[in-house]
Structure formats: C-alpha cells, structure tokens
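**Q** Residue-level listing of the chains:
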Amino acid sequence: MSHHEAVHAPVGGRLMTRPFMLLLAIAAVGAVVAGYRFINGIGSVSNLSNGYPWGIWIAIDVVVGTAIGCGGYAVGLLVYILNKGKYHPLVRPAVLTSLLGYGLAVIAVVIDLGRFWGLWKVPIYVWRWSHSPQLEVALCVAAYAMVLVIELSPALFEKLRSGAASGTRRFAEGALRLLEKNFFWILALGLLLPTMHQSSLGTMMLLPGPKVHPLWFTPWLPLLFVVNCIIMGFAVVTLEATFSAVAFGRPRETRMLAALLQVAAWVALGWAAFRVIVVALSGKLGYLASGFGVAFLAEVGLLVVAGVMLLSEERRSQPVWQVRAAILLLLGGIVHRVNTYLVAFRPGSHFSYFPAVPELLITFGIIAAEVAIYIAVVKTLPILQGPSPAKTAA
Amino acid sequence: MALDRRSFIKTVAVGGVAAAGTALPAAASERPVAPEGAMGMLYDATLCIGCKTCVVACKEANDLKPDPGPWGDERLYDAPLDLDGNTKNIIKLYREGDTYSYMKQQCMHCVDPACAAACMLHSLQKDPVTGVVGYDPQYCVGCRYCQMSCPFNVTKFEFSKAIPLIVKCELCRHRVKDAAVRGADGFTRYPKGQGQACCEVCPRGAVISGRRDELLAEAKRRIAAAPGKYFEERVYGENDGGGTQVLYLSRVPFEDLGLPKLGTEGVPRTAYAVQEGIYYKIPFAAPIGMFAVLAAVIYRNKRAERVQGAEGEAKR
Amino acid sequence: MLESQRPFNVDETGLGPSVDRRDFVKICAMAAASVGLPAAAGLKMAEAAAAGLKPSVIWLHFQECTGCTESLLRTSHPALAELILDLISLDYHETLFAAAGYQAEAALKSAMEANAGKYICVVEGAIPTKDNGIYCKIGGRTAIDIVNDVAGKAGAIIAIGSCASWGGIPSADPNPTGAQGAPQVLQGKTVVTIPGCPANPYNFLGTALQFVALGTLPALDAKGRPMFAYSRVIHEDCPRRPHFDAGRFAQQFGDEGHRQGYCLYKLGCKGPATHANCSRLDFGEVGAWPIGVGHPCVGCTEQAVLWRMPMHDTVEVSRPTPPDTYPPIHAAQGHTSAVAAGLAGAVGGALIGAGWMAAKKAGDGGEDKGSSPDKGA
Numbered sequence: 002m003s004h005h006e007a008v009h010a011p012v013g014g015r016l017m018t019r020p021f022m023l024l025l026a027i028a029a030v031g032a033v034v035a036g037y038r039f040i041n042g043i044g045s046v047s048n049l050s051n052g053y054p055w056g057i058w059i060a061i062d063v064v065v066g067t068a069i070g071c072g073g074y075a076v077g078l079l080v081y082i083l084n085k086g087k088y089h090p091l092v093r094p095a096v097l098t099s100l101l102g103y104g105l106a107v108i109a110v111v112i113d114l115g116r117f118w119g120l121w122k123v124p125i126y127v128w129r130w131s132h133s134p135q136l137e138v139a140l141c142v143a144a145y146a147m148v149l150v151i152e153l154s155p156a157l158f159e160k161l162r163s164g165a166a167s168g169t170r171r172f173a174e175g176a177l178r179l180l181e182k183n184f185f186w187i188l189a190l191g192l193l194l195p196t197m198h199q200s201s202l203g204t205m206m207l208l209p210g211p212k213v214h215p216l217w218f219t220p221w222l223p224l225l226f227v228v229n230c231i232i233m234g235f236a237v238v239t240l241e242a243t244f245s246a247v248a249f250g251r252p253r254e255t256r257m258l259a260a261l262l263q264v265a266a267w268v269a270l271g272w273a274a275f276r277v278i279v280v281a282l283s284g285k286l287g288y289l290a291s292g293f294g295v296a297f298l299a300e301v302g303l304l305v306v307a308g309v310m311l312l313s314e315e316r317r318s319q320p321v322w323q324v325r326a327a328i329l330l331l332l333g334g335i336v337h338r339v340n341t342y343l344v345a346f347r348p349g350s351h352f353s354y355f356p357a358v359p360e361l362l363i364t365f366g367i368i369a370a371e372v373a374i375y376i377a378v379v380k381t382l383p384i385l386q387g388p389s390p391a392k393t394a395a
Numbered sequence: 072m073a074l075d076r077r078s079f080i081k082t083v084a085v086g087g088v089a090a091a092g093t094a095l096p097a098a099a100s101e102r103p104v105a106p107e108g109a110m111g112m113l114y115d116a117t118l119c120i121g122c123k124t125c126v127v128a129c130k131e132a133n134d135l136k137p138d139p140g141p142w143g144d145e146r147l148y149d150a151p152l153d154l155d156g157n158t159k160n161i162i163k164l165y166r167e168g169d170t171y172s173y174m175k176q177q178c179m180h181c182v183d184p185a186c187a188a189a190c191m192l193h194s195l196q197k198d199p200v201t202g203v204v205g206y207d208p209q210y211c212v213g214c215r216y217c218q219m220s221c222p223f224n225v226t227k228f229e230f231s232k233a234i235p236l237i238v239k240c241e242l243c244r245h246r247v248k249d250a251a252v253r254g255a256d257g258f259t260r261y262p263k264g265q266g267q268a269c270c271e272v273c274p275r276g277a278v279i280s281g282r283r284d285e286l287l288a289e290a291k292r293r294i295a296a297a298p299g300k301y302f303e304e305r306v307y308g309e310n311d312g313g314g315t316q317v318l319y320l321s322r323v324p325f326e327d328l329g330l331p332k333l334g335t336e337g338v339p340r341t342a343y344a345v346q347e348g349i350y351y352k353i354p355f356a357a358p359i360g361m362f363a364v365l366a367a368v369i370y371r372n373k374r375a376e377r378v379q380g381a382e383g384e385a386k387r
Numbered sequence: 002m003l004e005s006q007r008p009f010n011v012d013e014t015g016l017g018p019s020v021d022r023r024d025f026v027k028i029c030a031m032a033a034a035s036v037g038l039p040a041a042a043g044l045k046m047a048e049a050a051a052a053g054l055k056p057s058v059i060w061l062h063f064q065e066c067t068g069c070t071e072s073l074l075r076t077s078h079p080a081l082a083e084l085i086l087d088l089i090s091l092d093y094h095e096t097l098f099a100a101a102g103y104q105a106e107a108a109l110k111s112a113m114e115a116n117a118g119k120y121i122c123v124v125e126g127a128i129p130t131k132d133n134g135i136y137c138k139i140g141g142r143t144a145i146d147i148v149n150d151v152a153g154k155a156g157a158i159i160a161i162g163s164c165a166s167w168g169g170i171p172s173a174d175p176n177p178t179g180a181q182g183a184p185q186v187l188q189g190k191t192v193v194t195i196p197g198c199p200a201n202p203y204n205f206l207g208t209a210l211q212f213v214a215l216g217t218l219p220a221l222d223a224k225g226r227p228m229f230a231y232s233r234v235i236h237e238d239c240p241r242r243p244h245f246d247a248g249r250f251a252q253q254f255g256d257e258g259h260r261q262g263y264c265l266y267k268l269g270c271k272g273p274a275t276h277a278n279c280s281r282l283d284f285g286e287v288g289a290w291p292i293g294v295g296h297p298c299v300g301c302t303e304q305a306v307l308w309r310m311p312m313h314d315t316v317e318v319s320r321p322t323p324p325d326t327y328p329p330i331h332a333a334q335g336h337t338s339a340v341a342a343g344l345a346g347a348v349g350g351a352l353i354g355a356g357w358m359a360a361k362k363a364g365d366g367g368e369d370k371g372s373s374p375d376k377g378a
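Chains as they are written, first to last, in the numbering used here: chain E, 2 to 395; chain B, 72 to 387; chain H, 2 to 378.
Chain E with its partners taken away, still in its complex shape (with noise of 0.2 angstroms):
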C-alpha cells in the first residue's frame, strides 16, 4: 500500500460554491419534509398505501441506492480478486461513493421504517431471528456498512498523520500499520457482505410470490441482483471517475475507464442475455406481449445498447462514450430494480401507487446530501488521485 499514498491527496478549494449550497437547499427540504413525517407519520408525506406498502423510498433509496453504493464491490472485485493492480487509484473514491450510498439508504431506511426505534433488536436479539432473507439484509448491510468505513479510514489517518501534533501523527502511523496487517480479511468482508446482502436483496420479492409478475418472478433473482449491481458499480465508478476529474480537475482516467468498461460490457451483454434465456426456458416468453413486456424490453435493452456502444474500442477510449454508455448502464440496472420492487409487484388492479410530491422530496434530498458530502469529503481528505493544485469550481 506504501506506495500509493502519494497518489491520494485532497482536492482543496472553497466548500460553500453555489453547486454545493443548491445541493445543501435541496438536502434540507428533504430533511425539513423527512421531519415532518416522523411527527405526522408516513400516510401524511406519501402515497404508500396497503396495496403498495413500499415505495420509491425502498426502490429507489435503498434497493437502487445500495447498488449504487456498489462501486467500491466492482472496483474491488476487479484489483483484489483479479489482481488487476492498475485500477487501484479508482478504489478510494469508489470506496467513498459505496460508503456514502449505503450510509443514505441506511438514513432511507429509518425514514420508511414504522417503528424504526425497534431497530436496535434486529442485530441483538438473536434468539428470535428467523430465516426472512430482509434479516440477513438488514445485518448484512449494518455489517458491509462498518466495513466500509473501515475500509476509508485510511484516507482519515493519513490526512492526521500530515497533521501538526507528533501525538496524533503516532496515532495515525499505528492506526495505518495496524489496518495494513489486517486489510486482507477487511477487503475479503467487503467483497463477502455485498454479495450476501445484494443477492439477498433479489431473493426478498421472491416472497410475495404470487404478487410478483412472473417475468420477474424466477429463482435467479438473486444472481440477477448480484451481477446487476457490479454492472452498476462499474458504470457509477466511471460516471464518478469523470465528474471528479472534469469538476476538480483531476488527472483523466480515461484508457482505466476504457478496459473497465470492456469488462462491464461483456458482464452486461451476458446479464441481458441469461435474463432473456431464463424467461424463454421457464417458458414465460408469452408475457413480453403486454405493459411488463416493455418494462422488461427496457431493462434488458438499455443494457444491450451500451454493451455495443462499448464493444468497439474507438468509442469506449472516447470519455463521451464512456460517459453515456454508463448512463445507459446505470439506467438499465436502475430500470431492472424498480421493476423487481414496483413495476412487477401486483397486489391487484384496483391498487395503484405513484409517489407523492412530499416523497419525492426526501429522496431528492437524500441523493443531493450524498453528492453534496461526496463533494466535501473530497475536498478534504485524500481520496481523489493526483497531486495537481486544485482547479475546481464545484
């Protein structure tokens, strides 16, 4: 590890730009709103219902936003198991975005909790633990989120070790030491746990059976998930990747970025297809002729046009094809996790649920707070590459 410590450093810069307050404004309203609901309960800010108890706040903050937070899983996957050493400078900010997806979906999670004060029982008491594959998320995910923090801590005790005290700087030194010898079975966690809980997170709306579409109704939910979120993973490394270094004037990781995403278009191209031959084999293909067939269509073929966007190797060296081709990836992984946990659940025709304003609003304000801190965190500790001075405006 010695030898990328020179690599890390703050970006520097004035914080409050007119991006970072906007981003703040709209992270407050969401609080402002998210406080309102635990005084007047959940009906009061949303359209949850008894027909569609759970919402975008599950979809979108918590199943998409843990996805999300895949980028430090694909990154890692990819430099430790693979040994692919020169993507190592995409870790820490991969790292950071992961630790920061999953904290929010975690904040998400309170919000939509009922009685989230019980939440403290899940992880304690083990003698009423069942077999419902949301325990094993719910550990799983308090666990990976530890393990994240503990996997960024570095960027922490590096920053104290430049400090100005000798006593912190000792403090740091050991802390530092002490992680080195023990990263190897931290790391092993962090690639564990996601895998765990991301699968577990597919296996979760195999439950309601019947309720489910049976597009999507298939015991390879799990692997979907799982394979889904690394597609994931790689396309919001990129996106990020892209946007530090345009924003903050950073060195381009674009040739990095270009073998990543030959990697991602094979893994996608193959997702597409093992969704498609799973559906055909168990003999569903009759569904597609209907609304859920569009829905499917655009999980599948948002995937399918990136990975030939990114099979030819002029277009994917190029950071506006990577960047859209990411886009496009990102969505598609997006698209397959809504229709899991909203566009396939059927609890009956005369059940409908679009999200109210109020609920729109927190989950804006959820994602602004995780860009916003993204922003922060990266101006002062060393996370993004490069010595250059800063250059930024973000």
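Bear in mind the hints are in silico, worked out from the structure with no lab data behind them.
A quick note: this is a predicted structure, and the numbers were derived from the prediction, not measured.
Treat the hints with care, since some could be wrong.
[Stated by the list, open to error] Lysine-lysine pairs mimicking DSSO-like chemistry, simulated, CA-CA at most 30 angstroms apart: (1) 45/H / 119/H; (2) 136/B / 267/H; (3) 87/E / 373/B.
Dock chains B and H against chain E, hints included.
**A** Below, chains B and H alone, put in the same frame as chain E:
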C-alpha cells in the same frame, strides 16, 4: 509484516464466523403443516345474509375505532371500504348482474404464513398449538414486508400514525382464558366471550369456529350433502397456498370473492428454498467458504505486491 | 267487562270489589307477564295478597309536575285499581289520597312504624338542596328531611321520573333551588332510578312488582337504572333505524322525508345518546311515542342531554355501525397526482438529459468549469 499461517487461519475463521453470523440461525426450516390443535373458522358464503353483526362485534371485541369511509366527516357510520388500521373484519358484496354473494374478509391464518416468514424477529408468529398467526408489536420495526408478502392483502398498517402498528385479525386470542372444549355439536370451542367474536354473534351460523380438522370435515359434509351447490365442490383453504385455517365455501367462483388462485405450495416456499438452500442447508457453509477463499486470494495478492514493492525499492 | 275497565273508586277500602280466586290469579299473572316477570311471580303475588301480605308503598312528592303519577294512572295491565287495591298497599300518596293535612301525616307515620324496613319508598320529583332545602316543604318539613326520614327505614327506594332520578327540569340551568335527584341526596343508599319525562310506567311497575313478588330488585346499571329497560339506547331499537342506515333523513319538519317517516337524526334526535326502551314499550297504551309521531327524541332520561343539549342539535353517535351499503370486493385505492408525476418526470429527465449532454464536456480534456453534477449517485 509477514503474517504467520496460524494467525492467518485464526483471522479467517473469526472473520468468517462474523460474516456468516449475519445469516443465523442454524438449521433450515421444514415445510409447515397445520398443528394438531389448529383452531379456525368456516365461512359459508351461501348462508351469509350480509347483516354485518360480525363487523360490529369485531370492532367491539378488539376496541377499534369506526371508519367514516366514503361518508366523509359525518361520523355517523362505520363504513370501511376494506380492511385497514381500524378494521380487522369486513363484509363485502360481490354482484354481477343477478349473481351476488357476500364475502367475509379477515386474516386467513395460513398454515404456511408468508407474513410470519417475512418477519425478521418473529413479531408475526404462528402459535405452535393453535396455529393462530399473532402479532407482538414489541419486535416490530414497521418495515411492512409482511404486507408485501401476504397473498390476501390482509395485513394492514397505520400509515396515519406517528406510532403505527400492524393490524389484522388474530382470532380474538386476547379473549382466551380457558381451554377450548368439544361441544355436543362436535366443534371444539372456547367458552362464550372468549372465542372469536364474529362467530359468537352470527345469527345464521354463516361463520362458525372450531378446530380446523372439524371444520374441514363439516365443510366436506355440506358439499357431499348438496351436490352442485358449492363452487368446484371444494372448500377453499384446504390446500390453497399450503392451506389456511379459515376455510371458505361459496356458490360463486372463489376468485370473484377476492380469494386468489394459489397453488398447493406455501407462498414463502420459493424464497425460503433459495435462502435456506444458500445459507442454512449446510449452515453458513457458503458465506464462510466464500470468505475463506476471498481472504486467501487477497492475502496472496497483497503479499506478492509487497514483495514486488520491496524488490522495487531494493533496486533503487 | 275487562278487568281494566272496572271503575276506580277511591272510597273503597279493604280488598275492593269481590272477585273470585281464579280471576284474581289471572290478574296477577297478567301483571307479572306484562312487566317481564316469570309466571311463578304472578302466583306469589296472588298468594301474598290473599294472605293479606300486600307490601306497603309510601309515595313521596317533591319538586314535580305529577306527570309520573299521571303516567301511572294510564296503565292497564295491571290497571291502577288492581295495583293499589289488590297487589300493594298504597299507604301514602298525596295525589291519590282522599285524606289531607294531619290525617295524611298520621297515615304516613303509622305506615312507617308498622312496616319499618319493609316498605317501598317511591320518590317523585326533585329535592331542592339550596339554603337547607327550604324551597320544598311539606307539613313544615323540608324535602331533604322527609326523604332521609322515609327512605332511611325503607326496604327499597325507587325514584320515578327524571326529576327524582337526577334533578330533571327543576335542575335546569341556573338551578336556582339546587335541585338534585334522590340518589344524590341519599348518598350511599341503593336507589333504583326510573328516569324519563315522564317515566314509562311499566318500567316502574316491573321493578315494583318484582320486589313485591320476589323481594329482589332487578339488575341495575351504574346510575341505578334497571338494565331490562335502560341498557340499550333508543338508536339500537328504533323502528326508523333502517332509514338511518340507508341515509334517509328528514331534513325539515314537514318535508317529504318527514312525511315518509324517515329518520329524524338531522332534526336533532338524541336517540343515539339516550338509554331508554320507549320504542319497545310506547306510551299511553296507544302505541304513541315521540319518534313515532314525528318528533325527534329529546333524551328525556339522560341528565347530559335533557335541558342541556338544544333539542334540535344533532348528537354524536358514540358507536357507529355499518350503514346499509356494501364495499365491493375490490375497492379502488391509490391515486396519482399530476404534480408529482410532473415533478418526477422533470427531475429524472433533467438529470439524464443533462448527463447525456454534459458527456460532451468530458471529452474536453481538463476543462474545469463546474459542470452540473451529473453523477447518478
């Protein structure tokens, strides 16, 4: 900074158990069957006259507030449109031209309940003796996964409250004090005032209480005694969705009454087959195994990297 | 001639016009049945009467209009004649007495002494308590003194009418005399209350005759009212209830709904808040009762309603029950607001669109003008 093999294995073991611990507890569960003393109800829609006395009795027995329903603010009536946070039992009407039937809706107390399978800390739990699916708010975090899972859309949630609860019929288990006894009519029932309030007040015996096996026998007796009267000559809930403890007889199709077509497998079986297959068949073998492999690979890669780095520095 | 049509002669003493035993037993049986007592009770009454053991009844009048006595005069089973001549010994009654003055007071005193601990004390009318109760004095004694004296040695105390039960009309605001009902004055004693303005006489008769025949009082609620008559509210047994359940209301006196006999709730009927059995018993032997003749119930048995709630204000229905409509098997639930749809679409579209277009900027190496944060995080 070399890690000797013993501490490596120790670390892997501890870390693996910790990770696998997120997938406790131990053995895979078996496919549920109705307990011997399973209590239930039999609702014969052909006998129901839609008087709604059962609705009133349920509200009183469970201390529930009235629903103004579509009558708005007048508060003259208790007129829920569906089961909800104030309504554990409701009478609905199916009408298509000249065909009509009343339908009593409440929790079905499934033999293999999806809601209990979904619940993380067994807040919804099937009583091992009576088979009643009861709710203990102590362990509920309000995640509403039970609502997602119930194929009958029975579990309701108090969305309008800051301190909400899940609300559903619990077969009046809060009223039970003494044991159920078999009466002269062949049904095992609790003393008056301790059994299901709806069954105690029904003026026509359209809904009756008893043990599930007694009620099944009675339902089959009625079907045999009146061929052609009952839809499909069968009782809904015998095997539907793995079986339910509240059984239905109807002259119109069950689906028209809102009872979905379910296979004979319990609703949560597919999810549990996958989840238990991965984690509990050979308890936590998968996560521990995967953790060990990952840790080994990363350790080996990191060591190679350190060696390279040291060589590089030595060269300089 | 029916027993009930026999002329009532106040000058008669003793057992009254002679009647053979079988007819007499029949009278007693009818009396028992009409107030809901078992047939054996009627036999006991006849035996007690034949043995000369007619229970003594001392009837007190205070702040009252005598409506409850008048109401009792209009009963037919048993007719008042049978009651006071054959079944009970009415030893003191200021309205029905031929005697007056010292003679009446002497009768009261001797009846109390002769039957101490066994007589029924009936209270009609409210008892003023302000200024030591000087606002009602009979024979120089205040009502408070009289009632404490007489009720103190009674075997049973029955307060007939709303005035005696809880104060009635004399107790209406501002209650200048401090009028109270018998239970409030006779603290600690068991007082059967038969509220109503007037009380339904059969509620009184059922209670009195049960004591006469069986020596017991009927089951009472917390306010001392017999449960057989006062455990249910008018709304529960009202013949117009189907109209209520179907939402058919008279909106104004004389309108079409009123003519059709629709529910009078909107005209201020206090039925949902009033415990009484008027709809089951009717009044005046002719099947008349307020709602039946088209006027909303005013809640005359309830202290919280009568003289306190305006007659034509609607009352709250304390335990609403389902109406005469049925929800469908699948009632549509959930809605989409156009604003929300617009907002979601706009934000989502803007993010994707901006990202797609901003991708171009990514191609310009190292440009550092802040592009919109298009990261989908």
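**Q** Now tell me, hint by hint, if it's right for this structure.
**A** Going down the list of hints, with the structure as the test:
no.: 1; hint: 45/H / 119/H; in the structure: holds, 17 angstroms
no.: 2; hint: 136/B / 267/H; in the structure: holds, 23 angstroms
no.: 3; hint: 87/E / 373/B; in the structure: holds, 14 angstroms
Checked against the numbered hints listed earlier, the structure breaks none of them; every hint is satisfied.
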